[in-house]
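Participant: Sequence:
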Amino acid sequence: MWNGNSKLRPSPPVLKPNQMSWHPQYRSSKFRHVYGKAASKENCYDSVPITRSVHDNHFCAVNPHFIAVVTECAGGGAFLVIPLHQTGKLDPHYPKVCGHRGNVLDIKWNPFDDFEIASCSEDATIKIWNIPKQLLTRNLTTYRKELIGHARRVGLVEWHPTTANILFSAGYDYKVMVWNLDTKDSVIAGPVRTINCHQDVILSMSFNTNGSMLATTCKDRKIRIIDPRLGTVLQEASYKGHRANKVLFLGSLKKLLSTGTSRWNNRQMALWDQDNLSVPLTEEDLDGSSGVLFPFFDPDTSMLYIVGKGDGNIRYYEVSTEKPHLTYLTEYRSYNPQKGIGIMPKRGLDVSSCEIFRFYKLITTKSLIEPVSMIVPRRSESYQEDIYPPTAAAQPSLTAHEWLSGMNRGPIMMSLRPGSELLDSQTLPPERPLSNSMIQVSPQPLEPMTQPAEDGDQVHFSLLEEKVPKWATEHQLEEKSWITNGFDVFECPPPKTENELLQMFYRQQEEIRRLRELLIQREVQTKQLELEIKNLRMVLEQF
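Position 185 of the sequence shown, counting from 1, maps to 188 under our numbering, and the rest follow consecutively.
Please keep in mind that the hints were generated in silico from the structure rather than gathered at the bench. Careful, some of the hints might be misleading.
[What the hints assert, rightly or not] Simulated crosslink set (DMTMM-like; lysine to aspartate or glutamate; CA at most 20 Å straight-line): (1) K222 <-> D185; (2) K257 <-> D203; (3) K243 <-> D278; (4) K33 <-> E325; (5) K33 <-> E544; (6) K257 <-> D176; (7) K258 <-> E286; (8) K249 <-> D301; (9) K369 <-> E75; (10) K92 <-> E161; (11) K326 <-> D278; (12) K312 <-> E287; (13) K225 <-> D301; (14) K249 <-> D188; (15) K225 <-> D303; (16) K111 <-> D278; (17) K257 <-> D290; (18) K225 <-> E325; (19) K33 <-> E535.
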């Protein structure tokens with residue numbers, strides 16, 4: 004049909020009877036509304052002399068007990084170790100950890116010991132420090148171990164994610180060295196392995212989940228996946244359209260994420276298949292700024308955070324195995340640019356406020372360290388198990404000897420539910436972690452049977468009699484526990500609003516979870532009684 008402009012207007016497409024004419028414009032996700040919340044002034048760390056080094060590192064390391072930050076120091080390198088609860092203004096004469104003859108370039112806490120930290124420096128050494136549990140009253144200058152092997156300054160250190168006492172270091176001599184700290188020597192004069200495949204300065208290192216592969220970026224802009232024990236290159240990316248600066252393994256997704264610049268010098272991130280680094284799966288230009296982009300990945304929520312050096316904002320995405328692999332959520336905005344950044348391990352988060360990630364921004368313009376919490380908005384005050392799956396615990400799954408001999412093993416898992424125990428991922432399903440009350444029930448019915456048989460049947464019948472009041476007490480507790488959070492589960496008026504419906508849903512989920520735990524306890528106790536009865540019958544038959 005001709006219109007007034009003499010142009011042919013295309014007719015609308017004809018839909019088939021079984022073809023949907025509507026598609027949702029948003030992606031359903033429980034993390035769509037995650038927001039960043041900066042700590043109040045009294046909960047920040049003020050008057051901290053943050054380093055002014057131009058090295059592209061985090062300069063900050065955090066664990067549930069301490070925050071460590073590289074500082075300015077005349078006549079050598081030093082860093083501060085501040086107890087996490089000691090917020091507010093820092094004493095200008097606060098003790099330092101100093102012992103390096105050159106500037107400290109990187110620090111990393113031992114993931115399995117909250118009181119041990121590794122530091123590397125321009126003096127070409129790595130030092131291992133034991134931090135006392137009490138507050139430092141003077142400068143700490145005595146280190147536990149010194150690692151000597153690099154010919155030039157050491158820019159990066161990284162602990163193995165599942166093995167105790169294995170440390171990796173990368174120096175400006177183009178070498179990655181593997182150190183075994185499981186020795187009594189205070190000075191270790193050489194590494195157990197040296198990786199010599201790089202042709203220029205190594206810019207970043209990242210391990211996969213079980214530590215069987217090491218990804219690196221180099222100043223030659225190539226991404227390499229290396230066998231950390233053999234030092235052989237498994238994969239290498241020579242893609243010219245993306246100059247990588249930082250690289251990161253994305254948990255168990257079998258993917259890599261790199262940040263860097265495009266051929267037009269725009270800041271860019273790229274997603275790669277770890278089995279094929281020829282071409283990235285997707286690329287995304289962010290902006291035209293010049294600061295380095297630090298990527299952080301949370302394998303528990305599959306969320307990716309991008310923090311730019313010199314920026315005030317933090318972008319975050321959700322990563323999936325299906326296209327589009329990267330889904331932009333939103334960004335936390337601030338006027339305070341960060342010089343460096345630290346992150347809290349998952350076991351140090353506040354689960355009562357639905358906190359899923361926490362950053363510590365180093366703001367040199369204000370000499371301030373500002374915590375920023377990423378929070379999932381939830382109305383319920385109960386533990387939100389859907390956003391806190393089992394996470395890596397502070398316990399190694401391998402010894403140094405086992406790993407060096409060729410063994411690989413995933414991390415030991417733990418639940419973030421308050422009061423829970425470590426989970427054995429091979430025997431317990433991660434979807435339903437056991438609480439303290441369940442783990443403490445251990446089937447030990449045979450211990451009383453080792454007593455002499457002269458006491459006769461009274462000893463054994465007394466065991467059964469002791470069980471009766473216990474069962475009666477638990478039965479009373481069970482009857483009372485149907486009333487939870489101030490309402491009766493079975494005699495509650497129907498919800499009238501959507502919020503009331505959500506609250507009812509979360510409460511019922513919590514009640515179902517509690518009943519499952521109670522059922523497992525009862526099963527254990529039933530087996531105990533069956534064993535006692537069986538043993539009692541055997542004793543009675545002897546008489």
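Participant: State the violated hints by number, sorted upward, taking the hints as numbered earlier in the document.
Facilitator: 1, 2, 5, 6, 10, 13, 14, 15, 16, 17, 18, 19
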